[in-house]
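Modelling step: build the complete structure from the supplied sequences, incorporating the hints.
Following the working numbering, the numbering of the sequence shown begins with 2 at its first residue and continues without gaps.
Derived by calculation from the structure, the hints in this document are not laboratory data. Keep in mind that the hints are not guaranteed to be accurate.
[To be verified] Simulated pairs of lysine to any residue, SDA-like, Cα-Cα distance not exceeding 20 angstroms:
id : residue 1 : residue 2
1  : 49        : 137
2  : 49        : 60
3  : 49        : 59
4  : 153       : 137
5  : 153       : 143
6  : 49        : 28
7  : 153       : 110
8  : 49        : 22
9  : 49        : 152
10 : 49        : 159
11 : 153       : 109
12 : 49        : 156
13 : 49        : 21
14 : 49        : 163
15 : 49        : 166
16 : 49        : 102
17 : 49        : 124
18 : 153       : 165
19 : 49        : 29
20 : 153       : 123
21 : 49        : 18
22 : 153       : 4
23 : 153       : 140
24 : 49        : 162
25 : 49        : 17
26 : 49        : 100
27 : 49        : 167
28 : 153       : 5
29 : 49        : 20
30 : 153       : 127
31 : 153       : 163
32 : 153       : 46
33 : 153       : 139
34 : 49        : 127
35 : 49        : 157
36 : 49        : 16
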Amino acid sequence: MNLDEAVIVALGGNLAGDFGSPQALLEAALSRFAQAGLPVVRRSSWWKSAAWPDPTANEYRNAVVVVETQQGPEETIRTLFGLESEFGRLRSARNAPRTLDLDLIAHGRTLLDTAELILPHPRAAERFFVMGPLADIAPHWRHPVLGETAEKLARSAPIGRDSAPIASPTGP
2 MNLDEAVIVA LGGNLAGDFG SPQALLEAAL SRFAQAGLPV VRRSSWWKSA AWPDPTANEY
62 RNAVVVVETQ QGPEETIRTL FGLESEFGRL RSARNAPRTL DLDLIAHGRT LLDTAELILP
122 HPRAAERFFV MGPLADIAPH WRHPVLGETA EKLARSAPIG RDSAPIASPT GP
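Now the structure itself:
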């Protein structure tokens, strides 16, 4: 796979919904990706991280996947929002606890800044709970704007330094 063309999605959540645990909910959401036109071709381990910016909230589970899709960036983000809604995501305050958070980190080398979508994701490079899992599965991926590899960005990401892998993936 050409990493320059990778479509990268970060997953996170700290509420279980009807699934018993946040990780079980995230697994269920991942099982819907292929049906939604986003088959997973690479998947990181599960990571745990303290809630941010409020570390007293429930701990998060995080992962990063690379998907293949014929969808353009705008259709991809709408698909991800649809999956979030399907799994009980309520959009209230920014950084509020949530069942499912799906962030489109990159869609190939596309640079985009619209009301609906900014690519690459404007804060991903600052978040160790995104860059750490991404470095696990695509260490040589280069940020389309910064030009740095996922591996280097993971080493310097200031937010979520407490994050750590906890479980190996069960799928691709």
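The hints, checked one at a time:
1. The suggested pairing of residue 49 with residue 137 holds, with an alpha-carbon distance near 14 angstroms, which does not exceed 20 angstroms.
2. For the proposed pair residue 49 and residue 60, the alpha carbon gap of about 7 angstroms is at most 20 angstroms, so the pair holds.
3. Using a Cα cut-off of 20 angstroms, the hinted pair residue 49 and residue 59 holds, with the two alpha carbons roughly 11 angstroms apart.
4. With a C-alpha separation of about 12 angstroms, the suggested pair residue 153 and residue 137 falls inside the 20 angstroms cut-off, and the hint holds.
5. Distance check on the hinted pair: residue 153 and residue 143 sit about 9 angstroms apart at the alpha-carbon level, within 20 angstroms; holds.
6. Simply put, residue 49 and residue 28 have alpha-carbon atoms about 14 angstroms apart, close enough for the 20 angstroms limit, and the pair holds.
7. Distance hint between residue 153 and residue 110 is fulfilled; the C-alpha atoms sit about 18 angstroms from each other, no more than 20 angstroms.
8. Between residue 49 and residue 22, the direct Cα distance comes to roughly 13 angstroms. Compliance with the 20 angstroms bound is thereby established for this hinted pair.
9. The hinted pair formed by residue 49 and residue 152 meets the criterion: a straight-line CA distance of about 18 angstroms does not exceed 20 angstroms.
10. Proximity of residue 49 to residue 159 is assessed by CA-CA distance (about 16 angstroms); at most 20 angstroms being required, the pair is judged to hold.
11. For the proposed pair residue 153 and residue 109, the alpha carbon gap of about 19 angstroms is at most 20 angstroms, so the pair holds.
12. Pair hint residue 49 plus residue 156 holds up; C-alpha atoms about 17 angstroms apart against a cutoff of 20 angstroms.
13. With a C-alpha separation of about 16 angstroms, the suggested pairing of residue 49 with residue 21 holds against the 20 angstroms cut-off.
14. Of the supplied pair hints, the one linking residue 49 and residue 163 holds, its CA atoms being roughly 8 angstroms apart against a limit of 20 angstroms.
15. Distance restraint check for residue 49 and residue 166: the Cα-Cα separation of roughly 6 angstroms lies within the 20 angstroms cut-off, and the hinted pair is therefore satisfied.
16. For the hint pairing residue 49 with residue 102, the CA-to-CA distance comes to about 14 angstroms; that is within 20 angstroms, so the pair holds.
17. Restraint check for residue 49 and residue 124: the C-alpha separation of about 19 angstroms stays at or below 20 angstroms, so the hint holds.
18. Between residue 153 and residue 165, the direct Cα distance comes to roughly 17 angstroms. Compliance with the 20 angstroms bound is thereby established for this hinted pair.
19. For the hint linking residue 49 to residue 29, the alpha-carbon distance of about 17 angstroms falls within 20 angstroms, and the restraint holds.
20. Simply put, residue 153 and residue 123 have alpha-carbon atoms about 17 angstroms apart, close enough for the 20 angstroms limit, and the pair holds.
21. Taking the CA atoms of residue 49 and residue 18, the gap is near 18 angstroms; set against the 20 angstroms cutoff, the hint holds.
22. A C-alpha spacing of about 16 angstroms is found between residue 153 and residue 4, which places the hinted pair at or below 20 angstroms, so the restraint holds.
23. In summary, the hint linking residue 153 to residue 140 is supported, as the alpha carbons are separated by about 8 angstroms, within the 20 angstroms threshold.
24. For a cut-off of 20 angstroms, the pair hint linking residue 49 to residue 162 stands: about 11 angstroms separates their Cα positions.
25. At most 20 angstroms may separate the alpha-carbon atoms for a hinted pair to count; residue 49 and residue 17 meet this at roughly 14 angstroms.
26. With a C-alpha separation of about 15 angstroms, the suggested pair residue 49 and residue 100 falls inside the 20 angstroms cut-off, and the hint holds.
27. A distance of roughly 7 angstroms separates the Cα atoms of residue 49 and residue 167; the hinted pair therefore holds under the 20 angstroms criterion.
28. A threshold of 20 angstroms between alpha carbons decides the hint, and for residue 153 with residue 5 the separation of about 16 angstroms falls inside it, so the pair holds.
29. Of the pairs offered as hints, the one joining residue 49 and residue 20 holds, with about 17 angstroms between alpha carbons and a cut-off of 20 angstroms not exceeded.
30. For a cut-off of 20 angstroms, the pair hint linking residue 153 to residue 127 stands: about 11 angstroms separates their Cα positions.
31. Pair hint residue 153 plus residue 163 holds up; C-alpha atoms about 17 angstroms apart against a cutoff of 20 angstroms.
32. Taking the CA atoms of residue 153 and residue 46, the gap is about 19 angstroms. The hint holds against a cut of 20 angstroms.
33. The hinted pair formed by residue 153 and residue 139 meets the criterion: a straight-line CA distance of about 11 angstroms does not exceed 20 angstroms.
34. This hinted pair checks out: residue 49 and residue 127 have alpha carbons roughly 17 angstroms apart, not beyond 20 angstroms.
35. Only pairs whose Cα atoms come within 20 angstroms are accepted, and residue 49 paired with residue 157 is accepted, the gap being roughly 18 angstroms.
36. Between residue 49 and residue 16 the CA atoms are separated by roughly 13 angstroms; this keeps the pair inside 20 angstroms, and the hint holds.
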